[in-house]
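Peer 1: Two chains, two frames, some hints: make the complex.
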Amino acid sequence: GAVVSQHPSWVICKSGTSVKIECRSLDFQATTMFWYRQFPKQSLMLMATSNEGSKATYEQGVEKDKFLINHASLTLSTLTVTSAHPEDSSFYICSARDPGDRYSPLHFGNGTRLTVT
Amino acid sequence: RKEVEQDPGPFNVPEGATVAFNCTYSNSASQSFFWYRQDCRKEPKLLMSVYSSGNEDGRFTAQLNRASQYISLLIRDSKLSDSATYLCVVYRYNFNKFYFGSGTKLNVKP
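These protein sequence lines are chains E and A, in that order. All letters in the first sequence, in the order written, are residues 1 to 117 by the working numbering. All letters in the second sequence, in the order written, are residues 1 to 110 by the working numbering.
Bound-form chain A, shown alone (with noise of 0.2 Å):
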């Protein structure tokens, strides 16, 4: 079993739509988890950092459950520029390791 498994998509929705990820992780001992973005041909850019209470930073919420192990990300009034890949990402700490997902691929229409 994958220690990250997400949805790969495609996501394909409207420009102003809201979308919703999930991601599940297998070790319950994972601490701490995040979201990035990642464009086409190009590296990875933080999107946030997921905490326990859950978090928003605009348009972007993101949740966390550690009872069921997982992460979630809330998209609301989607934009053209928000089209990309998204990726789950899960840090152990006495691994110092961390663990992607394969990602999730929204497109937003116009």
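Looking at chain E on its own, in the form it has when it is part of the complex (with noise of 0.2 Å):
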């Protein structure tokens, strides 16, 4: 089946650092790449979705100059967490759906967890 894969899976840095999340489909082309981020006990939050070749779709109250993303090909889309803060410790998870398939599900990364020191 479709693979997502998301690297680092954890990472630890230093405040004012900035940090890059790769996520890659391993098996079919995703025009479109969706960044999750999620709180302890709180539900997945949409931060944004990121489309190859134009700019990401920055959901409300997402500040699209702290978390860049881009989606420079088919099978890659980065997330920097620029200047890092304490406050943006959190899980974030990236996704994709086949477009290949009309019916296909939410592939998700296995997650990268932040803590911002």
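No lab work stands behind these hints: they were computed from the structure. Nothing here was measured: the structure is a model prediction, and the numbers come from that model. All C-beta atoms, glycine included, are put in the ideal place defined by N, C-alpha and C. Careful, some of the hints might be misleading.
Unchecked claim - Which stretches of chain A does chain E cover? Using the computed rule of at least three CB atoms under 8 Å from a CB of chain E, they are:
| id | stretch |
| --- | --- |
| 1 | 61–75 |
| 2 | 87–100 |
Unchecked claim - Within a straight-line C-alpha distance of at most 35 Å, the following computed DSBU-like cross-link-like pairs (lysine-lysine) qualify:
| id | chain 1 | residue 1 | chain 2 | residue 2 |
| --- | --- | --- | --- | --- |
| 3 | A | K42 | E | K41 |
| 4 | E | K55 | A | K97 |
| 5 | A | K109 | A | K2 |
| 6 | A | K109 | E | K64 |
| 7 | E | K20 | A | K109 |
| 8 | A | K42 | A | K79 |
| 9 | A | K42 | E | K64 |
| 10 | E | K41 | E | K14 |
| 11 | A | K79 | E | K14 |
| 12 | A | K79 | E | K55 |
| 13 | A | K79 | E | K41 |
| 14 | A | K109 | E | K41 |
| 15 | E | K14 | A | K109 |
| 16 | E | K20 | A | K105 |
| 17 | E | K55 | E | K20 |
| 18 | A | K105 | E | K66 |
| 19 | E | K66 | A | K42 |
| 20 | A | K45 | E | K64 |
| 21 | A | K79 | E | K64 |
| 22 | E | K55 | A | K109 |
| 23 | A | K109 | A | K42 |
| 24 | A | K45 | E | K55 |
| 25 | E | K66 | A | K45 |
| 26 | A | K45 | E | K41 |
| 27 | A | K97 | E | K66 |
| 28 | A | K79 | E | K66 |
| 29 | E | K66 | A | K2 |
| 30 | A | K109 | A | K45 |
| 31 | E | K14 | A | K45 |
| 32 | A | K79 | E | K20 |
| 33 | E | K64 | A | K2 |
| 34 | A | K79 | A | K2 |
| 35 | E | K66 | A | K109 |
| 36 | E | K66 | E | K41 |
| 37 | A | K97 | E | K64 |
As the list claims (entries may be wrong) - A few chain E residues that don't get close to chain A, going by computed Cβ distances all over 12 Å:
| id | residue |
| --- | --- |
| 38 | C94 |
| 39 | R97 |
| 40 | D101 |
Peer 2: Have a look at this one:
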């Protein structure tokens, strides 16, 4: 089945630094990828939708200059958390659906647990 | 009104019990339906897609009622390993967007 790979699985960084998270679709071409964030004991929250070759669409309240999304190829999307602060510590999960399958479910990466100290 | 609504639970059931979750969605144009399970501190994993005629996978049965705009998941013979949060997800093709319920927490007790 379709697989989405996300890297790294976890990262600890110092406040003020930037962190890049990669998301790859391994056996299908993802024209769209979805980035979610989840705080402990809360629901998944959609942050943005990345579109291959064009600008990402951000959800209301998500700062596009802080969460930079690049979707340069049909199999790779990256999320960069710029100037990270402790309140950015969260579980970030990417996902994609197979555009070749009208009834495709959403395939999730394993998630990245970010801790900002 | 939320696009997808679920009872957050928790549902506390003994091993071997049958438990059912319901989920309602607000937009009749919704086109694909799914149940995911999410374990603590993990990503959601697809449990099953939900088809109009209903479908079964082992101990799990999913039903879709388009007229009433609800989806159900039935778990028979609950196992301890079924303890998780179950997410109802709806996809709207024209918007290319997935809508998530807040999840229903299930605790299966020995």
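Peer 1: Taken at face value, is the distance from the CA of K42 (chain A) to the CA of K109 (chain A) at most 35 Å?
Peer 2: Distance of about 21 Å is within 35 Å: holds.
Peer 1: Tell me if the straight-line CA distance from K14 (chain E) to K45 (chain A) falls inside 35 Å.
Peer 2: holds, 31 Å
Peer 1: Does the claim that C94 (chain E) lies off the interface hold, with its Cβ farther than 12 Å from every Cβ of chain A?
Peer 2: Given a closest Cβ separation of 9 Å, the condition is violated.
Peer 1: Against the 35 Å threshold, does the CA-CA distance of K42 (chain A) and K64 (chain E) hold or violate the hint?
Peer 2: holds, 26 Å
Peer 1: Going straight from one Cα to the other, do K109 (chain A) and K45 (chain A) come out at no more than 35 Å?
Peer 2: holds, 22 Å
Peer 1: Holds or violated: K66 (chain E) and K109 (chain A), Cα atoms, limit 35 Å.
Peer 2: Violated - the C-alpha atoms of K109 (chain A) and K66 (chain E) are around 43 Å apart, more than 35 Å.
Peer 1: Sort out whether K2 (chain A) lies within 35 Å of K79 (chain A), counting only the CA atoms.
Peer 2: Holds. K79 (chain A) to K2 (chain A) sits at ~31 Å (cutoff 35 Å).
Peer 1: Against the 35 Å threshold, does the CA-CA distance of K55 (chain E) and K109 (chain A) hold or violate the hint?
Peer 2: violated, 48 Å
Peer 1: Quick one, are K55 (chain E) and K20 (chain E) close enough, alpha carbons at most 35 Å?
Peer 2: holds, 17 Å
Peer 1: Does the structure keep K109 (chain A) and K41 (chain E) at a Cα separation of 35 Å or less?
Peer 2: holds, 20 Å
Peer 1: Would the pair K109 (chain A) and K64 (chain E) pass a check requiring their Cα atoms to be no farther apart than 35 Å?
Peer 2: violated, 44 Å
Peer 1: Taken at face value, is the distance from the CA of K2 (chain A) to the CA of K109 (chain A) at most 35 Å?
Peer 2: Between K109 (chain A) and K2 (chain A) the Cα gap is close to 31 Å, so the pair holds against 35 Å.
In the structure shown, a violation is registered for the earlier hints numbered 1, 6, 7, 11, 12, 15, 21, 22, 28, 32, 35, 38, 39 and 40, in ascending order.
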